[in-house]
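Q: Listed below are the residues making up each chain.
2 protein chains.
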Amino acid sequence: MIPPDHPRYRSLVVRERLAGSARKGIVSWEGLTAHGRGEAFDYLLGERTTASALFAERTAAALLLSARHPVISINGNTAALAAGEIAALQKACGALVEVNLFHRTERRVKMIEDLLTVAGVDVFSGKAERLLLLSHDRAWCRRDGMYSADVVLVPLEDGDRCEVLAGMGKTVIAIDLNPLSRTARTATLTIVDELTRALPQITSACRDLSQAGEERSPVPVDNHYLLSEAIREMTARLSHALD
Amino acid sequence: MIPPDHPRYRSLVVRERLAGSARKGIVSWEGLTAHGRGEAFDYLLGERTTASALFAERTAAALLLSARHPVISINGNTAALAAGEIAALQKACGALVEVNLFHRTERRVKMIEDLLTVAGVDVFSGKAERLLLLSHDRAWCRRDGMYSADVVLVPLEDGDRCEVLAGMGKTVIAIDLNPLSRTARTATLTIVDELTRALPQITSACRDLSQAGEERSPVPVDNHYLLSEAIREMTARLSHALD
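As they're listed, the protein sequences go chains A and B. Sequential numbering of the first sequence, starting at 1, is according to our numbering. Sequential numbering of the second sequence, starting at 1, is according to our numbering.
Derived coverage of chain B by chain A (criterion: at least 3 residues anywhere in the stretch with Cβ under 8 angstroms from a Cβ of chain A; other residues may be distant):
(1) 16–23
(2) 33–46
(3) 228–241
Looking from chain B toward chain A, a few residues come up when the C-beta cut is under 8 angstroms (computed):
(4) 3
(5) 5
(6) 6
(7) 29
(8) 135
(9) 160
(10) 178
(11) 180
Below are the DSSO-like pairs computed for lysine-lysine, each with C-alpha atoms no more than 30 angstroms apart in a straight line:
(12) B:91 with B:110
(13) B:91 with B:24
(14) A:127 with A:110
(15) A:24 with A:91
(16) A:110 with B:24
(17) B:127 with B:110
(18) B:24 with A:24
(19) A:24 with A:110
(20) A:24 with B:110
Calculated directly from the structure, the hints in this document are not laboratory data. Beta carbons are placed, not taken as given, at the ideal position from N, Cα and C, and that holds for glycine.
All chains, please: the whole structure from these sequences, using the hints.
A: The structure is reproduced here in C-alpha cells:
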C-alpha cells in the first residue's frame, strides 16, 4: 500500500498498476524498466504536453486519416497503460490494431489481445509470420496487418524495429519520451509525450479533422525540428532546476 | 534471450539480471522502474563517472573513514546490482551494513541478507523497530545500526527517508543518478553516478586515504555545487545530442 502522504502518490499508483500487469505477465520485467526510463524523461519535460508535442500529435492524426492502410502496433506496456485510449483512437481513425511483442509467447499475445478487446478494441488477430528483417521474436507480425501498412503508429517501440519499418518505406509514427533514442531518431514522426496524454490528443485531432472534411494533402514532417524542441524544453528545465 | 546483435546488449543483460532478481522477490517491481529512471539519467550523463562525481566519491570515503559509527543501508536494488561491491567497501571503511526496504517483509529482508552474506558482507542483522518519523515500512531500522549512525551511506534511497535522516542530524551520503530528486537535494552529499561505478571508487579512495594515514579533519561539502555540475554535464549532452 502506498502511503497517501507520499509526495509522488499519483505516479506511484501508476507504477503499482504496472506492477499488477507485470504479475499477470502482460508487462515484461524489462517493460517495467523501460517505463521507468520514460518517467525520467517525462520528469524533465515537466510531465505535460508541450506545444511541439501537440503539433506532432495533430500531424499524427493527419497521417493516420490520410493513410491507405493504417496500423497501430501494441505491446504489453501500451496495453497495460492505455487500452481504452487505443480503442478510442481506433474508432476515430479506423486503423487496424495488432499485438506485437519483444518477448513473444502465444499466451502473452492472447492475454494482451483479450485485455484490448475488453477495453473496446477491435483486435486484428490471427496468424503471424516472421516477416521483418530482425533477429528473434521481433521479426513476427501479420502479413495483412503491420507488414502491409503504409502508416504505422508504434507507441513505446524498440529502436531496431522502428528502424526496419522506416527502412521498408513505411511512415512510422513513434510515441517516445526519450528524444535521443534510436526509435525517436529513426521514426518518420516522433511524439515526445507520455502515452496516456498523447493518445487522446491524437484522437481528438482525428475527430476535428474528420469533421472539417478537408481534402487530404501530403503532410509535411520535420522530425528533426520536433526532437530539437523537445530537447530544448528538457534542457531549459534542467538548467533551472536548482534555482 | 537477448540477441547479441542488439546495440544495447550490455545494458539489456543487466536488465535481465534485475528481472531475475525480481522473479526471486529481491527486487520489487517498483524497484525495476526505479532502475529504469536511473538508466535514463545515466544515459544523459554519458554512462561514465564525471569529474564532479569522482570528487564526491572521494569525499564520501573521507566522511566514512572519519565517522564514529558509519552505516550502509541496503535495499533490494543495491543488493541485486552490487552485493560484491558493498562487501569490498565494508572491508575498506569498516561500516555496519544493514538491510532496509521500502516494501518490507521478513522473507525479503532475509533473502537480501543472505544474498549479501554470500557475497562476503558482514550483515548487521536482528531486531528492527519503528524508529524513524515516517509512515509505513520506511520507519523500520535497527537501533544500534542506522538509527544511531552519525554517517549513513544510502544508495538508491527514497526521498522521504533521506530527508528524515538528514533532519536527524546525520551526515547522509546518497548515490542517485537523478540530481533533481528529493534524495539528491536533501542528502548531505550526493554522488551522481551509477551504483556499480560509484562503489568501487569510494572503496579505492578509502584504501588510499587509509594508507596515507592523514589526520581526520572536518570534510567540507558543497552539495549544491556537485549537483549543479551534474546538471551541467547532462545539459551539455542534451544540447548537443542531435549534432
